[in-house]
Amino acid sequence: MDLITAAKILLLVLLIACAVSVNLTKTLLQAVIVFMAYSSLMCVIWVLMESPDLAITEAAVGAGISSVLFLLALRRIRQVDADNE
Amino acid sequence: MNETFRRFLDGEIDPLEGIMNVAEEEDSGRKELTAAMKRRHRTVIGTSKAQKLMRAEKESYYRVYNVVAVISCILLIGVLLFTVAHLPRYGAENPRATEVMDRYIERGVEETGAVNVVAGMILDYRAFDTLGESHVLFTALVCVMILLIMDKKNMRTGYEDYYTTTRERFHDLTTEAILRNVAIVLIPCIFVYGLYVLLNGQNGPGGGFSGGAVMGSGLIIASAAFGFDRMDRFFTARVSAWITFSSLAFYSFAKGYVFFTGANGIPNGVPKGTPGNILSGGLILPLDIAVGLVVACTMFGFYSLFRRGTIGGAS
Numbered sequence: 000m001d002l003i004t005a006a007k008i009l010l011l012v013l014l015i016a017c018a019v020s021v022n023l024t025k026t027l028l029q030a031v032i033v034f035m036a037y038s039s040l041m042c043v044i045w046v047l048m049e050s051p052d053l054a055i056t057e058a059a060v061g062a063g064i065s066s067v068l069f070l071l072a073l074r075r076i077r078q079v080d081a082d083n084e
Numbered sequence: 000m001n002e003t004f005r006r007f008l009d010g011e012i013d014p015l016e017g018i019m020n021v022a023e024e025e026d027s028g029r030k031e032l033t034a035a036m037k038r039r040h041r042t043v044i045g046t047s048k049a050q051k052l053m054r055a056e057k058e059s060y061y062r063v064y065n066v067v068a069v070i071s072c073i074l075l076i077g078v079l080l081f082t083v084a085h086l087p088r089y090g091a092e093n094p095r096a097t098e099v100m101d102r103y104i105e106r107g108v109e110e111t112g113a114v115n116v117v118a119g120m121i122l123d124y125r126a127f128d129t130l131g132e133s134h135v136l137f138t139a140l141v142c143v144m145i146l147l148i149m150d151k152k153n154m155r156t157g158y159e160d161y162y163t164t165t166r167e168r169f170h171d172l173t174t175e176a177i178l179r180n181v182a183i184v185l186i187p188c189i190f191v192y193g194l195y196v197l198l199n200g201q202n203g204p205g206g207g208f209s210g211g212a213v214m215g216s217g218l219i220i221a222s223a224a225f226g227f228d229r230m231d232r233f234f235t236a237r238v239s240a241w242i243t244f245s246s247l248a249f250y251s252f253a254k255g256y257v258f259f260t261g262a263n264g265i266p267n268g269v270p271k272g273t274p275g276n277i278l279s280g281g282l283i284l285p286l287d288i289a290v291g292l293v294v295a296c297t298m299f300g301f302y303s304l305f306r307r308g309t310i311g312g313a314s
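Protein chains in written order, with numbering that gives the first Met the number 0: chain Z, 0 to 84; chain A, 0 to 314.
The hints are simulated quantities; they were obtained by calculation from the structure and are not laboratory data. A quick note: this is a predicted structure, and the numbers were derived from the prediction, not measured. Heads up, some of the hints might be wrong.
Stated by the list, open to error - Derived Cβ-Cβ restraints for the label pairs, each shown as a range:
no., chain 1, residue 1, chain 2, residue 2, range
1, Z, Ile32, A, Gly203, 41 to 49 Å
2, A, Val83, Z, Ile8, 53 to 61 Å
3, A, Val269, Z, Glu49, 25 to 33 Å
4, Z, Val21, A, Ile265, 28 to 36 Å
5, Z, Lys7, A, Ile265, 43 to 51 Å
Glycine included, C-beta positions come from ideal geometry on N, C-alpha and C.
Please build the complete structure, drawing on both the sequences and the hints.
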């Protein structure tokens, strides 16, 4: 087994771990942060699967903008203190 | 019918109550506002006989509404599953799975002028797909605007105090020295990278959506670091609306023209250019720019609406 395959398997395992732990988090803020980690992992996986265009979009939208929007929505329903942000 | 289910239909119980972790009401301003709204609600509903009759009508309407919602969901699921069941098997012999794919790969560069076959597909052969996507984004922005916009009309109902106090309590990111200094270095890089991705859509990975998303996040960082006041000097709701409108209109007309001439066998006169250059791929580059502008405006619009209830400028 070469290094790339090992890295792919590790990434996929981490991806599944992230997907499961989103459901197990205690607060919504933790869930958003785990979701961000999921998107970042997915971005690396897209590059390994030779789709760099999807990787760019995943990094910008999945890890960036959607997380910002989630955080703003959490602040709207007062799950995040303004001081802790 | 089950007793609990009947009470759910009547709206007496909320299955999510106690499970959702929504924070406690803390500040008195919000509490007073809720109380005031409840009082107003009570006076509106009233207690006279006609009003009671109206309320009963309303309740029965909501009961029907729940049932209809469930039925339409089930119907939609059924239609989707039915369609999926009738798709050709993976790898089966049919023109969509064999001929079209071969044609795209063999003659894509020659016919569209784009080295990136994916860009040739989504912005030339199947450009209406991407047009629909852009319109979905625009519609999403309009829906968020309907829900969150703060203008003179809903300022009057008492939300004004609530929102101004909330806005003051929002942590002012413009005072963060680290964010400011990092943003000064990063923002030009982000925009150059976004433009690179946008303009090279026909030659390499990327294109309108990715480049637009990168530039949109650049706008978000800029407004977080330097404040909305400085963003409002050049990016107002009016500017955003004009950019979005002209991009979508240009896309629709350009692609309508090309498809019309193509379907009737008329030469459309759009130069293809040398594959590999920036100015190549016929209409793909301008269409990429149009999509990118729509995406960037939409992303910043979402952020701005969530953060302060307006895109900017006069309101």
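Results for each hint:
1. Z:Ile32 / A:Gly203: 41 to 49 Å: Given a distance of about 32 Å, which is not inside 41 to 49 Å, the answer is violated.
2. A:Val83 / Z:Ile8: 53 to 61 Å: Roughly 30 Å apart at Cβ, these two residues miss the hinted range, so it is violated.
3. A:Val269 / Z:Glu49: 25 to 33 Å: holds (31 Å)
4. Z:Val21 / A:Ile265: 28 to 36 Å: Since Val21 of chain Z and Ile265 of chain A have Cβ atoms about 53 Å apart, the given range 28 to 36 Å is violated.
5. Z:Lys7 / A:Ile265: 43 to 51 Å: holds (50 Å)
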